[in-house]
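Undergrad: Here's the letter readout for the chains.
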Amino acid sequence: MKMLKKLMCSAVVSAMAASTAAHAGSISNDEVRIGYLADMSGTYSALAGPGGLEAAKMAIEDFGGKVNGKKITIVGADDQNKPDIGANKVRQWIDVENIDMVAGMVSSAVTIAVNKVVEAKDKISIVSGSASSSITNQYCTANSIHYVYDTYALAHGTGEAVVQEGGDSWFFLTADYAFGHAMEADVTEVVKQSGGKVVGGVRHPLATNDFSSFILQAQASGAKIVGLANAGADTTNSLKTAKEFGVVQAGQKIAGLLIFLTDVYSLGLETTQGLQLTTGFYWDRTPETRAWSKRYFERTGAMPSMVQAGIYSSVNHYLNAVKSAGTDETKAVMAEMKKTPINDFFAQNGQIREDGRMIHDMYLAEVKKPSESKGDWDLYKILRTIPADKAFRPLSESKCKLVAGR
Amino acid sequence: MTTQVLKNSAVEKGMSKTKMGFMLLLLIGLVAPYAIYPVFLMKVLCFALFACAFNLMLGYAGLLSFGHAAFLATGGYITGYAVMEMGVTPEIGILIGVIASAAMGFVFGKLAIRRQGIYFAMITLALAQLVFFLYVQAPFTGGENGLQGIPRGNLFGVISLKGNLPMYYFVLAIFVIGFTIIHRAIHSPFGQILKAIRENEPRAISLGYDVDKYKLVAFVLSAALAGLAGSTKSLVFQLASLTDANWHMSGEVILMTLLGGVGTIFGPVVGAATVVTLQNYLSQGPLSSWVPVILGLIFVVCVLLFRSGIVGEIKKFTKKNFN
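Just so you know, the sequences run in chain order X and Z. According to my numbering, the first sequence is numbered sequentially starting from 1. According to my numbering, the second sequence is numbered sequentially starting from 407.
Some hints here could point you the wrong way.
[To be verified] Incomplete in silico selection of chain Z near chain X, CB under 8 angstroms:
#, residue
1, Val445
2, Gly549
3, Gln554
4, Ser647
5, Thr649
6, Thr680
Derived by calculation from the structure, the hints in this document are not laboratory data. All C-beta atoms in this analysis are idealised placements derived from N, C-alpha and C, irrespective of residue type, glycine included.
Using the sequences and the accompanying hints, generate a full structural model.
TA: Set out below in structure tokens:
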């Protein structure tokens with residue numbers, strides 16, 4: 001009797017052990033489910049939006065639609081740039097629809113809110129659209145990756161490279177809120193370090209329509225470079241006004257700190273020519289980027305922004321990690337993703353750091369003159385490569401709780 | 407004698423109808439989280455309370471405020487700040503948020519109630535925009551990133567609100583309290599005077615009522631309840647952001663109230679539920695890039711075809727066919 005009891009006990013224990021072992025090496029719900037969250041209809045819909053969803057779908061199709069024999073599915077949702085809608089959607093995705101990974105994400109308020117939810121529920125998020133470098137600094141989590149670019153990279157990349165190209169006196173046109181101030185401070189620091197000087201600046205209220213007085217001040221300053229520390233519609237409007245006042249024609253150059261290929265396309269070369277900017281990806285850079293972008297163009301009718309290209313690359317990297325880890329369990333996949341370098345058309349030797357920042361080469365680009373452009377999307381000249389270790393905030397300056405010694 | 411009795415029973419019947427509606431709603435509210443996702447329901451309740459507070463101004467005092475987002479945001483930010491930085495319990499946090507919104511409502515009201523109609527709307531809009539820019543700049547709001555990671559905390563220091571179900575019942579209780587306050591206010595002599603002011607202000611003045619005082623009290627009450635909605639919302643989503651302070655939010659609450667039925671007690675609840683459901687469920691799937699367009703279309707249809715809103719039309723319909 002005692003013997004039997006012992007036997008039964010050991011049988012139960014071994015059965016349980018076997019089942020947990022099987023569980024650890026498996027895909028939850030027999031499916032890898034990805035949620036794509038972005039602004040699909042508002043201000044930022046061109047740079048990520050429906051195009052980003054298409055890029056993510058391409059990545060899944062190219063992967064064969066299956067990982068380790070289990071189906072990959074994707075759902076997309078519009079966060080309408082509202083953090084409560086985005087956070088609620090993701091909470092529901094994880095609680096009810098068993099989503100394993102969230103991709104996309106543009107507005108930084110939405111991203112930070114979503115990352116908090118993802119951290120609490122122990123799932124994964126890969127941020128491609130947001131700019132704020134705080135995502136991997138004070139708001140960093142062990143469950144999130146910031147993939148494409150951030151404000152630090154844009155400010156430092158553009159600031160340093162422009163000074164080295166000879167633009168050593170700056171005038172800032174800054175949006176008067178936290179983002180603008182942070183951008184201006186970052187660039188100012190870099191410009192001074194690189195031997196340039198800041199001759200002045202002017203702050204404009206958020207969402208202004210009339211930039212003429214600000215542009216006139218910029219012209220009167222005599223600075224070689226007019227830095228635009230603003231975003232979205234403010235950048236677009238300041239560029240239009242600058243064009244009307246002939247800023248570039250008069251010999252000054254404009255440096256855009258947050259501007260995307262899709263913005264340049266919609267503004268046209270006439271307005272944006274000579275603009276210098278930092279980008280994480282340009283379609284017409286290498287044969288690989290051209291090949292992928294051509295396929296993307298055939299599906300969407302537009303060339304990809306760096307965000308859309310990054311979404312493809314990040315989904316692909318995630319699926320590869322699931323494949324080699326043999327599971328979609330968060331810890332294992334995150335470890336695998338951080339361990340493996342990223343080598344594809346988007347990044348060469350990209351590496352995800354412990355704070356979640358993916359570091360890769362960035363590029364300083366100048367917008368072509370209309371006479372130099374050979375096609376609708378022939379928009380940038382790549383002036384130089386900013387190496388990965390120079391482009392992003394070094395870990396020694398990080399405030400992230402995950403970085404050793406903090 | 408007989409007519410008196412008949413009248414009394416009719417009054418009782420009328421009373422019990424609202425009561426029955428309320429009881430039914432409460433019952434649905436109690437069991438709903440077992441069928442529908444609780445966080446979504448909490449959102450509906452927060453916006454329903456917000457719309458009810460707004461309806462108190464538009465439906466009963468006849469004043470269209472275009473700045474109610476300021477109160478929603480103030481409630482959210484102040485509660486979030488109190489809970490995060492001062493470490494108070496959620497109910498104290500909400501109380502502080504409500505007091506802040508009420509105080510702001512007092513200032514807004516003092517300035518705005520001197521005018522009527524479109525001028526009133528413009529003054530409230532202008533003041534709300536001032537508040538918006540204040541929140542963009544103020545360091546404690548976290549600017550465009552918002553206040554993030556507000557802890558839900560422990561109710562009265564004991565009951566953990568971390569789980570969705572306890573939080574839901576807490577939100578439901580707050581909604582019921584807010585809703586009861588509004589219901590009581592409307593059906594009190596105070597509410598009657600508000601309606602009188604809405605219908606004919608000069609006559610109310612000639613009857614000896616201090617119209618401005620009544621309007622101000624209504625405005626402060628409405629602001630406080632909007633703040634209550636904002637405070638609760640910030641705990642539900644654990645964030646407070648500029649979305650709530652934006653003038654779009656003031657427009658959205660007008661849409662909710664008009665869609666549900668302005669001047670009806672249940673109208674704003676139905677309107678809020680409709681708008682939030684559309685925003686939430688349409689955001690996923692093939693129509694995801696069309697949410698604003700669809701909401702706009704619905705608004706156009708509502709204004710053209712059923713001006714008294716969903717509940718208003720149902721009321722009209724039952725009155726016509728079952729009386």
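Undergrad: Indicate, hint by hint, whether the structure satisfies it.
TA: Verification of the supplied hints:
no., hint, verdict
1, Val445, "holds (5 angstroms)"
2, Gly549, "holds (3 angstroms)"
3, Gln554, "holds (5 angstroms)"
4, Ser647, "holds (4 angstroms)"
5, Thr649, "holds (5 angstroms)"
6, Thr680, "violated (16 angstroms)"
Consistency with the previously given hints fails for number 6 only.
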